[in-house]
Amino acid sequence: MKGISFGQYYPASSVFHRMDPRAKIILAVLYIVSTFLCKNVLSFAALTISALLLVILSRIPLRIMLRSLRPILFIVVFTSAINIFATRGAHRLTPEHWWLAIYEEGLWNALFMVLRIVCLILSTSIFLTYTTTPVSLANALERLLSPLKRIKIPVHDFAMMMTIALRFIPTLSEETEKIMNAQKARGANFTTGSLFARAKALIPILVPLFVSAFNRAFELATAMECRCYHGGEGRTQLNVLHYRASDFVAILLLVGFGVGLWFLNRVDFLYRLG
Amino acid sequence: MDKIYLENIRYVYSPDTPFEQVALDDVTLGIRKGCITGIIGHTGSGKSTMMQLLNGLAKPTDGRVLLDGFDINSTFDDVFDAWREREEYAKLSKRAAKKEIRGQLAELRRTLCFRVGLVMQYPEYQLFEETVYKDIAFGPANMGLEEDEIRARVLEAAAFTGLDEALLDQSPFDLSGGQKRRVALAGILAMRPEVLVLDEPAAGLDPRGRKMIFERVCDYQRNTGSTVLIVSHSMEDMARYCDDVVVLKDAKVLMHGEMNEVFSHISELSDTGLDIPQVTRLALALRERGVPISENIYTVEDATKALRALFSQQKDGKEASV
Ligand SMILES: Nc1ncnc2c1ncn2[C@@H]1O[C@H](COP(=O)(O)OP(=O)(O)OP(=O)(O)O)[C@@H](O)[C@H]1O
Ligand SMILES: [Mg+2]
Chain A
35 MKGISFGQYY PASSVFHRMD PRAKIILAVL YIVSTFLCKN VLSFAALTIS ALLLVILSRI
95 PLRIMLRSLR PILFIVVFTS AINIFATRGA HRLTPEHWWL AIYEEGLWNA LFMVLRIVCL
155 ILSTSIFLTY TTTPVSLANA LERLLSPLKR IKIPVHDFAM MMTIALRFIP TLSEETEKIM
215 NAQKARGANF TTGSLFARAK ALIPILVPLF VSAFNRAFEL ATAMECRCYH GGEGRTQLNV
275 LHYRASDFVA ILLLVGFGVG LWFLNRVDFL YRLG
Chain B
11 MDKIYLENIR YVYSPDTPFE QVALDDVTLG IRKGCITGII GHTGSGKSTM MQLLNGLAKP
71 TDGRVLLDGF DINSTFDDVF DAWREREEYA KLSKRAAKKE IRGQLAELRR TLCFRVGLVM
131 QYPEYQLFEE TVYKDIAFGP ANMGLEEDEI RARVLEAAAF TGLDEALLDQ SPFDLSGGQK
191 RRVALAGILA MRPEVLVLDE PAAGLDPRGR KMIFERVCDY QRNTGSTVLI VSHSMEDMAR
251 YCDDVVVLKD AKVLMHGEMN EVFSHISELS DTGLDIPQVT RLALALRERG VPISENIYTV
311 EDATKALRAL FSQQKDGKEA SV
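Residue numbers (this note's numbering), protein chains in the order written: chain A, 35 to 308; chain B, 11 to 332.
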């Protein structure tokens, strides 16, 4: 259980760390749209350069950054294989009598897909997970979705539940580890034995864990009531989010980037997606 | 030979992340057999981490933990290499020796936590069984003992820690904090460990509860000749119950030696942020005012004795001068 630091927030000092979380959510959405705008070699080149710029600006070590790509390695390999072998086109690269045909178009498609996926993951990790704590993300979502309150969707309550859940994940995982350690110290064995034996060994962990989780929940509820918490109605915040000029500039820049991609798409150069 | 020997131990939490934290840094330390050793140090100095290394719960990032001279984290290869150099194994075939070593290692890993009993910090949050009896019996049952033996050990441990027999059928969640602490201690004592490790056993207990826990532990040590390590913040408790003292500071060993010797550097200790006992401060203040009282006074009993001696001396002196 060691090393589960929930979320992947990486403390550093960069423009993205200082940015308003709402702006970052908007930026992430804009960037996702941009990746899907790309159609040809030039626009994909621009996209790649922009992703590299994001990585440099975020001041997150490359080693950590690459860690976020590891889980999608399989998807990347899989989609590029499908693209390489399944695309038919005009320029066949492999000899006629080979069963598997590889076309130039397939290689381009594969390259574009990989770039698209990698840029998607990199940008969302940078905007949302590496530079924004989960709690401020929940807070920002509440603000962004607050117009939905008009149609009686309890946005505040959902955000509060999310914040509390996020807040207690590390606590619970720490507690699980403590309980497991205490039982290992008395000879409990969680790693060997049949699947059934191992599942059975988990019961003595769940019991104290649930007991303490419920106790915590009641205590927290009491503590909140003591401070007169009664839902989102008329509630103000301690740390009010403020957009700053730089947030608007960033959003404008990204919109401009999208428009630029649209123009680049119109230039015919080497290859474009069908 | 030392019962436990820590050799160049280094322990790092969450290595290779921005949250990396060095909890122990190049610690080398021998714990004498059959003694009570106290570990003090301010919050975050690495005491709990060190205690978890002793029964294999945590593996050192670097360095070795020797129990009776044997590295408790040794891998198969380590043992196999050592075996090649020894003669008594030469009679066995290589395959038989490998099997023998595997068996011994597995047995060692299984029994390690029974040999080194660790009562963790705030153990009262770690009870989980339906009844107190079952909770105390958890360790002995894992040892694979017979039902009668388990029963005998549970009753003995419960009586030893002052738990009423009527409590044994209750749920551990219905007990008071102090009672839960006793149940946790009993759960470890029922395994009859040869090394008993207690991480702040008296934290948050009233003076009577403190005294009772420490005295029971001392009794256990005396009855069984086991080796005991106690982590505590209270220097007064250390002075009263410990033979040796280890002072940790910022992940390193600052001092280690017999209690009197370590405490004689008491002025340096107060720099580490540890509270020196009130009676010691009183004695030092008296000395400053010219009262010829010993400076090695750490407990109220010490102080009473020294002051008695002083007064009777003065009385004798007066009578003589008349
Ligand atoms: N699970 C953990 N993950 C990360 N760091 C930890 C963990 N446990 C302890 N640490 C860090 O390791 C250092 C030593 O902690 P340790 O618990 O050994 O201190 P301690 O001397 O027992 O303190 P206390 O007197 O408060 O119990 C501390 O700086 C702590 O922040
Ligand atoms: Mg501790």
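Just so you know, the hints here were simulated from the structure itself, not pulled from any lab data.
Incorrect hints may appear among the rest.
[Unchecked claim] Partial list, computed: chain A residues near chain B (C-beta under 8 Å):
{"no.": "1", "residue": "Tyr44"}
{"no.": "2", "residue": "Ala216"}
{"no.": "3", "residue": "Ala222"}
{"no.": "4", "residue": "Arg269"}
[As the list claims (entries may be wrong)] Cross-link-like lysine-lysine pairs, in silico, DSS-like; alpha carbons within 25 Å at most:
{"no.": "5", "chain 1": "B", "residue 1": "Lys315", "chain 2": "B", "residue 2": "Lys69"}
{"no.": "6", "chain 1": "B", "residue 1": "Lys144", "chain 2": "A", "residue 2": "Lys212"}
{"no.": "7", "chain 1": "B", "residue 1": "Lys315", "chain 2": "B", "residue 2": "Lys325"}
{"no.": "8", "chain 1": "A", "residue 1": "Lys234", "chain 2": "B", "residue 2": "Lys144"}
{"no.": "9", "chain 1": "B", "residue 1": "Lys43", "chain 2": "B", "residue 2": "Lys69"}
{"no.": "10", "chain 1": "B", "residue 1": "Lys315", "chain 2": "A", "residue 2": "Lys218"}
{"no.": "11", "chain 1": "B", "residue 1": "Lys69", "chain 2": "A", "residue 2": "Lys218"}
{"no.": "12", "chain 1": "B", "residue 1": "Lys259", "chain 2": "B", "residue 2": "Lys69"}
{"no.": "13", "chain 1": "B", "residue 1": "Lys325", "chain 2": "A", "residue 2": "Lys212"}
{"no.": "14", "chain 1": "B", "residue 1": "Lys43", "chain 2": "A", "residue 2": "Lys212"}
The structure presented is a predicted model; accordingly, all values stated were derived computationally and were not measured.
Every residue, glycine too, gets a C-beta built ideally from N, C-alpha and C.
Against the structure, the hints:
no. : hint                 : result
1   : Tyr44                : holds (6 Å)
2   : Ala216               : holds (4 Å)
3   : Ala222               : holds (6 Å)
4   : Arg269               : violated (32 Å)
5   : Lys315/B to Lys69/B  : violated (46 Å)
6   : Lys144/B to Lys212/A : holds (20 Å)
7   : Lys315/B to Lys325/B : holds (15 Å)
8   : Lys234/A to Lys144/B : holds (16 Å)
9   : Lys43/B to Lys69/B   : holds (22 Å)
10  : Lys315/B to Lys218/A : violated (46 Å)
11  : Lys69/B to Lys218/A  : holds (14 Å)
12  : Lys259/B to Lys69/B  : holds (21 Å)
13  : Lys325/B to Lys212/A : violated (59 Å)
14  : Lys43/B to Lys212/A  : violated (29 Å)
Of the hints listed earlier, those the structure fails to meet are numbers 4, 5, 10, 13, 14, in rising order.
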